[in-house]
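Residue numbers (the numbering used here), protein chains in the order written: chain H, 933 to 1044; chain R, 638 to 752.
Just so you know, these hints were derived from the structure itself, not from any lab. By construction, the Cβ of each residue, glycine as well, lies at the ideal position given by its N, Cα and C atoms. There could be a bad hint or two in this list.
As the list claims (entries may be wrong) - With beta-carbon atoms standing in for the labels, derived distance ranges: (1) S721(R) to S960(H): 32 to 38 Å; (2) E947(H) to K690(R): 39 to 45 Å; (3) T654(R) to Q1013(H): 43 to 49 Å; (4) D949(H) to T708(R): 44 to 50 Å; (5) Q946(H) to V740(R): 28 to 34 Å; (6) P1014(H) to V740(R): 24 to 30 Å; (7) G688(R) to T1001(H): 47 to 53 Å.
To be verified - Where chain R lies over chain H, by a calculated footprint (3+ residues, C-beta under 8 Å): (8) 977-984; (9) 992-1005.
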Amino acid sequence: GENVEQHPSTLSVQEGDSAVIKCTYSDSASNYFPWYKQELGKRPQLIIDIRSNVGEKKDQRIAVTLNKTAKHFSLHITETQPEDSAVYFCAAREDTGNQFYFGTGTSLTVIP
Amino acid sequence: DAGITQSPRHKVTETGTPVTLRCHQTENHRYMYWYRQDPGHGLRLIHYSYGVKDTDKGEVSDGYSVSRSKTEDFLLTLESATSSQTSVYFCATGTGLRSGANVLTFGAGSRLTVL
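Could you put together the complete structure from these sequences and hints?
Set out below in structure tokens:
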């Protein structure tokens, strides 16, 4: 099955700085890569996603890049704000079984 | 999200007892998933379903069984609960469109403590 690795496990940034979270995947058949944000005590919620036929996608302050050759994808958050503090999960979906495999999460803290 | 309801939201039980968690959706989504969330492990897939009575194992299925007799309901059963199954369990649904927007939507979670 798919194996998704995520780094770093914790990240602290000053408000206004950028944050970058990186993930790698193992299965070249994976074709869809979502990112989820989970606030303390809440459910994970989709914030952005990218498909294998696209190299980059942006939505206001967040962007995701995908390098299919290297099998890695990254989440970029610019101009961070305290409300960006949360745990972020990357995931990869295998095309064959429609299974989603998640990374182990990154706890982001934005220091005011 | 109002379309996915998990019950119970909290449960404390003893080792060796059976436990059933229920996930109910009103979205008419084809796919349903059960994940467990543990510190340092992220979200790990237990079982998933791709239609009524169609289920398959995930990466951590030992000690768990599932059933889906209706599109809207997906049950997760711990046949004989162990302390290692203490976790937060999330149900999720997906439309199942491989080329389309198969967005995974999560329920609020069920916190299970096995003493």
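Hint check:
Against the hinted window of 32 to 38 Å, the Cβ-Cβ separation of S721(R) and S960(H) comes to about 33 Å, which satisfies the hint. At about 51 Å, the beta-carbon gap between E947(H) and K690(R) misses the expected band of 39 to 45 Å. Checked against the hint of 43 to 49 Å, the pair T654(R) and Q1013(H) passes, with Cβ atoms roughly 45 Å apart. Separated by about 46 Å at the C-beta atoms, D949(H) and T708(R) satisfy the suggested range of 44 to 50 Å.
Checked against the given bound of 28 to 34 Å, the beta carbons of Q946(H) and V740(R), roughly 32 Å apart, stay inside it. In this structure the hint that P1014(H) and V740(R) lie 24 to 30 Å apart at CB holds, the actual value being about 27 Å. Restraint check, G688(R) to T1001(H): a C-beta distance of roughly 35 Å breaks the suggested window 47 to 53 Å. Residues of the stretch 977-984 of chain H with a Cβ under 8 Å from some Cβ of chain R number 3, which satisfies the need for three, so the listed coverage holds.
Figure legend: the stretch 992-1005 of chain H, annotated as covered by chain R; annotation inconsistent (0 residues with Cβ-Cβ distances under 8 Å, at least 3 required).
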